[in-house]
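Got chain A sorted already, so can you dock chain B onto it with the hints?
Protein sequences appear in the order of chains A and B.
The first sequence begins at 1 in the working numbering and counts up one residue at a time.
The second sequence begins at 155 in the working numbering and counts up one residue at a time.
Note that these hints are calculated values from the structure, not bench results.
Think of the CB as a built atom: it goes at the ideal place given N, C-alpha and C, for glycine as much as any other residue.
Be careful, since some hints might not be right.
Simulated restraints on C-beta separations [said to hold, decoys possible]:
| id | chain 1 | residue 1 | chain 2 | residue 2 | range |
| --- | --- | --- | --- | --- | --- |
| 1 | A | I32 | B | T211 | 43 to 53 Å |
| 2 | A | G33 | B | L387 | 21 to 31 Å |
| 3 | A | P6 | B | H228 | 18 to 28 Å |
Here are some chain A residues pointing at chain B (derived, C-beta under 8 Å) [said to hold, decoys possible]:
| id | residue |
| --- | --- |
| 4 | R72 |
| 5 | L87 |
| 6 | D90 |
| 7 | E118 |
| 8 | L121 |
| 9 | R130 |
| 10 | L131 |
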Amino acid sequence: MKSSSPKIVRGIVLLGGSALLGAMAIDVVAVIGRHTGIPLLGSIELVQVLVAVAGAMALLIACLHDSHARVRLLLVRLAAAPRRRLLRVDDVLMAVFFLALAGGSCWILYELWGSHEESELWRLPYRPLRLLVVLTLLVAAGLMLRGRADGERP
Amino acid sequence: MMATPETGLLGVLVLLGLLLLGVPIGAALGLVGLGGLTLVLGFEPALIKAADLVLETLTRYELGTLPLFMLMAHLCFSSDASRDLFDAAARCVGHRRGGLALASVAGCAGFGAINGSSLATAATIGLVAIPEMRRHGYSDALATGAVAAGGTLGQMIPPSGALIVFGIIAQQSIGTLFTAAIVPGLSQALLYLVVIALLVRWRPALAPATPKADWSARWQALAKVADILVLMLVVILGIVFGLFTPSEAASVGRPVRC
Chain A
1 MKSSSPKIVR
11 GIVLLGGSAL
21 LGAMAIDVVA
31 VIGRHTGIPL
41 LGSIELVQVL
51 VAVAGAMALL
61 IACLHDSHAR
71 VRLLLVRLAA
81 APRRRLLRVD
91 DVLMAVFFLA
101 LAGGSCWILY
111 ELWGSHEESE
121 LWRLPYRPLR
131 LLVVLTLLVA
141 AGLMLRGRAD
151 GERP
Chain B
155 MMATPETGLL
165 GVLVLLGLLL
175 LGVPIGAALG
185 LVGLGGLTLV
195 LGFEPALIKA
205 ADLVLETLTR
215 YELGTLPLFM
225 LMAHLCFSSD
235 ASRDLFDAAA
245 RCVGHRRGGL
255 ALASVAGCAG
265 FGAINGSSLA
275 TAATIGLVAI
285 PEMRRHGYSD
295 ALATGAVAAG
305 GTLGQMIPPS
315 GALIVFGIIA
325 QQSIGTLFTA
335 AIVPGLSQAL
345 LYLVVIALLV
355 RWRPALAPAT
365 PKADWSARWQ
375 ALAKVADILV
385 LMLVVILGIV
395 FGLFTPSEAA
405 SVGRPVRC
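For reference, chain A alone in the conformation it holds in the complex:
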């Protein structure tokens, strides 16, 4: 992939890493609370939100670093030019997949915009999460369509 601003990459890593550490901290507090009689009610809801943020950031990092798992059986046996072309086709297919998911997510977001969808205990609104998903998928599709600086990665 073409090089991205290190600040943006660092920001994504920080956000995802912080979310993961936050999820870890909540789980620890929940375990301690459960065994000391002060349970943290709704800890799963909080962890779910943080895991979603961490997962979304992980998807972006995987796209930025071109580290999606793929079968390289054919790719490594091709000459540079056809390999570059094939990788381009792969990127476009990946982008199509992300765009399809983003389209569907937009559809659901539009349908549920006024429904005040929220979690049961903490009343965490789902709308920002759905927005995050749409944005992440659109950015991921954009990264895939942006092309790669070199075709030699495999």
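Showing chain B alone in chain A's frame:
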């Protein structure tokens, strides 16, 4: 259109084709799934169902288990836990013929208990163990074989990434799967040790004897891995006795290591 065996077969063939062309595995599976849903349900329901799955999957509590265990393993790796584990095992059994190969398997079993991946286990222990075995004149076949075989323990001994993913897909209790994997994991490690011991007895040239470490050196090495051993016990026993869920175990493991 109805779902028929032919549509399923077509989906499998398209999937294999996409995988062979190097399409990222997640996208290949997703595209085929989306295509199949479109054939069976129609475009609009397929798109909405697929999109609904995105948020549902991203917010799955169980899915947090894997990155949390990976975080724990990475922090242990950063603090050189793999070297400490191998050193401790090497000082305890390294003087026996084939001892460093035995230590590699023991190190892999130990690192496997804080990390759920075979590749990561083989890579991290291999980085330390293979040069050490080569330095002591071990055959390359035995050195790499011991690490490669020992690495598979990472996938078997809890926490195991494969079991977490299987538990999520098959909707089975990850804690029960972890508990069920303890005995097979330990017996697998034991059998590897037996095979290495028999192999070096049969062909002593594979692994020359190495000097014996004194007891103070052994205790010193064991003291360095005491916190890792406590971490393993807390994680495994906590899950087995139901003190916490596998996701919580990964989170609790980190403060224990601190």
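Taking the Cβ atom of A/I32 and the Cβ atom of B/T211, is their distance within the range 43 to 53 Å?
29 Å Cβ-Cβ, so the 43 to 53 Å window is violated.
Hint check, A/L121 versus chain B [nearest Cβ-Cβ separation less than 8 Å]:
14 Å, violated
18 to 28 Å was suggested as the range; check whether the CB atoms of A/P6 and B/H228 agree with it.
Distance hint for A/P6, B/H228 holds at roughly 21 Å.
Tell me if A/R72 is really an interface residue toward chain B, meaning its C-beta lies closer than 8 Å to one of theirs.
With a closest approach of 6 Å, the A/R72 hint holds.
Taking the least C-beta to C-beta distance, is A/R130 closer than 8 Å to chain B?
For A/R130, the interface hint holds, since the closest Cβ of chain B sits about 6 Å away, which is under 8 Å.
CB-CB spacing for B/L387 and A/G33 relative to the 21 to 31 Å hint:
22 Å, holds
Does the CB of A/D90 sit less than 8 Å away from some CB of chain B?
Hint on A/D90: holds, closest Cβ of chain B at ~5 Å, below 8 Å.
Would the hint on A/L131 stand, with a C-beta cut-off of 8 Å toward chain B?
Because about 11 Å separates A/L131 from the closest Cβ in chain B, which is outside the 8 Å limit, the hint is violated.
Taking 8 Å as the limit, does the beta-carbon of A/L87 come near enough to a beta-carbon in chain B?
Holds. Min distance 7 Å.
Would you settle whether the hint for A/E118 is holds or violated, based on the nearest Cβ-Cβ distance to chain B being less than 8 Å?
13 Å, violated
In terms of the numbered hints stated before, the structure departs from hints 1, 7, 8 and 10, listed from lowest to highest.
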